[in-house]
Amino acid sequence: MNLDKLSAKKCIDLIKSKEVSVTEVTNFFINRSKKINNKINSLITVCEKEATERAKYIDKNFEAFKDKKLLGVPISIKDAINTKDILTTAGSKILNNFLPPKNAFVVDKLLDEGAIITSKSNCDEFAMGSSNETSQFGPCLNPWDLSKVPGGSSGGSAASVASSQNLLSIGSDTGGSIRQPASLCGVVGLKPTYGTVSRNGLIAFGSSLDQIGPFSKNVEDCELLYNTIKGYDSDDSTSFKNFNEVENTEIKNLKIGICDELTGEGISDDVRNYFENSINELKKIGAKVENVSVPYIKESLPVYYLTAPSEASSNLNRYDGIKYGLSDNKHQSSWEVIKNTRSNFGEEVKRRILLGTFALSSGYYDEYYGKAQKVRGMIVHSFKEVFKKYDILISPTSPITAFDLGSMIDDPLTMYQNDICTMPANIAGIPAISIPCGISKGLPVGLQIMGPHFSDLKIINIAKEFENYTELNILEAMSI
Amino acid sequence: MNTDNNNLNIENLAELAKINLSTEELEKYKDQIKNIIDHFSSLKNIETEGFNLNYWEIDDKKVVELENLRTDEIKNSFINKEIFQNAPENENGFFKIRKILDR
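First to last, the protein sequences are chains A and B.
Mind the numbering: the first sequence is residues 1 to 480 in my numbering, read in order.
Mind the numbering: the second sequence is residues 1 to 103 in my numbering, read in order.
Derived from the structure by calculation, the hints contain no laboratory data.
Be aware that one or more of the hints could be misleading.
Said to hold, decoys possible - Listed below are the simulated BS3-like cross-link pairs for lysine-lysine, each with C-alpha atoms no more than 30 angstroms apart in a straight line:
#1 10(A) <-> 252(A)
#2 18(B) <-> 241(A)
#3 44(B) <-> 374(A)
#4 330(A) <-> 96(B)
#5 374(A) <-> 30(B)
#6 330(A) <-> 28(B)
#7 374(A) <-> 389(A)
#8 93(A) <-> 75(B)
#9 81(B) <-> 93(A)
#10 374(A) <-> 18(B)
#11 84(A) <-> 75(B)
#12 69(A) <-> 99(B)
#13 16(A) <-> 5(A)
#14 81(B) <-> 84(A)
#15 323(A) <-> 99(B)
#16 99(B) <-> 93(A)
#17 66(A) <-> 241(A)
#18 284(A) <-> 255(A)
#19 102(A) <-> 28(B)
On a predicted model such as this, the values are computed, not experimentally measured, just so you know.
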């Protein structure tokens, strides 16, 4: 049976009707990873033993599991998310021996619902990057073209779903780290509303921006995975206990804003053509589409690159070579152990720690970090005002399609521009989804839909209606 | 914003961040970080006089109850074995470290 072409939903149906066992599904995808991962390096660890044991257990206790939401579905977890007693590196040498004592909240939810964790996926070191090239376990390659990057930081998650090594994946998104690789790999990626999915067990980068979210092959699977992982967690103080979802609206009744600031200069022709196609499709379905300006949104780049590194410089202070992780402990004093251990951070991580330390340092704090927080507030306010008039905002997800490996890695400022369209949603804490909207010169293009706080299910439904209408299934063209 | 970055003291930042950097790294980061900060000088021109902390609030009609502070309660925590399973060195239930102060 050609299990690799299945959606997660279809796979669950087959297992439920006993046409295939969980063990057969697990073995199929683990074997596929053994063949494909050598080519694209999308996975840091393949959890063969744990996955096959769990699959056998579920097959043996089928009655107890048969109604579970993710029965037997193979899923990869970004290696920046804790999995009990399974190596979790965050793409860093600093954690090259780290076995978490406990699962992340979302991982427990997945296991409770019958999912099979088949692998830990490659990512930029501590999720800092837009190309998966800062991973200290080597870059992940784009399965559409092995000379291109898959995007980042959750590049391994996106590439592993696109290449059908697993049917779903969990990533994290601080400035676009789910949506941008989803766009570059031709899969669906959602950054939920900040606070709807617990961050407990996510290795912290920029805590006020970080959000865990799903990767899938289609929007229906995205909805299934989001509904499985969302929910209140008393161990995450930013987790919402109760909230009202924004009501669904059919596309024909929608008022859609095209975000002016994210569709101008810097968007490549490849991307622009397919973005304009998407606008036409939405109009054909009956939506009212207008251009709209979101004041201050252009300042998202400096706001992000002052806020996220500041938070990172504080969060990464815990890696001291004493409590866990790598330790360069051949030195005579503790300070030397700490400073030499920390010199093993990769280049980009060190750069961001230094930048954050600068923005928070005495004499500069008000001018940089403080100012950035005020402008962040202005951006949040702008979105709220715009969403009084429009149901959703749309833009390209990434200004360009997948780029050449090595083409930007030595130029941090150019690399940072890759997340220009995705960062505003993190800054405002609003949900945003990326869905494929075409293939240009053999590379996928993504459409981003942003909505107000708690409109996650609404934007998912809009994406689903768009997907059904356009009947785009670009993964059929994937040949790896 | 960019005038006082000319004397950006990268050695001091590295010391604050507790990272040993090589001479080449210090040189490279000094230029790059100065560039990045100069690039962000656009923020200086944004008028934030009207900024109001209410801007951060999420529409309260949608949040039925935001429980930021939970009540104190006794819960299971990690056992020592789990705490130390990743420690480079430990002895008798303590993390073992090199000396901090010279006598």
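Okay, the hints, checked on the actual structure:
1. 10(A) <-> 252(A): Holds, because 29 angstroms separates the two Cα atoms, which is no more than 30 angstroms.
2. 18(B) <-> 241(A): Not satisfied, since the Cα-Cα distance of roughly 38 angstroms exceeds 30 angstroms.
3. 44(B) <-> 374(A): Holds - the C-alpha atoms of residue 374(A) and residue 44(B) are around 11 angstroms apart, at most 30 angstroms.
4. 330(A) <-> 96(B): OK: residue 330(A) and residue 96(B) at ~13 angstroms, within 30 angstroms.
5. 374(A) <-> 30(B): Holds, at about 27 angstroms.
6. 330(A) <-> 28(B): holds, 28 angstroms
7. 374(A) <-> 389(A): Holds, at roughly 24 angstroms.
8. 93(A) <-> 75(B): Roughly 33 angstroms between the alpha carbons, so the hint for residue 93(A) and residue 75(B) is violated.
9. 81(B) <-> 93(A): Holds - the C-alpha atoms of residue 93(A) and residue 81(B) are around 24 angstroms apart, at most 30 angstroms.
10. 374(A) <-> 18(B): holds, 29 angstroms
11. 84(A) <-> 75(B): holds, 19 angstroms
12. 69(A) <-> 99(B): Violated, at about 53 angstroms.
13. 16(A) <-> 5(A): holds, 18 angstroms
14. 81(B) <-> 84(A): Roughly 14 angstroms between the alpha carbons, so the hint for residue 81(B) and residue 84(A) holds.
15. 323(A) <-> 99(B): With a Cα-Cα distance of about 16 angstroms, the restraint between residue 323(A) and residue 99(B) holds, given a limit of 30 angstroms.
16. 99(B) <-> 93(A): holds, 25 angstroms
17. 66(A) <-> 241(A): holds, 29 angstroms
18. 284(A) <-> 255(A): Holds - the C-alpha atoms of residue 255(A) and residue 284(A) are around 13 angstroms apart, at most 30 angstroms.
19. 102(A) <-> 28(B): Judged against 30 angstroms, a Cα distance of about 39 angstroms means the pair is violated.
Checked against the numbered hints above, the structure breaks hints 2, 8, 12, 19 and satisfies the rest.
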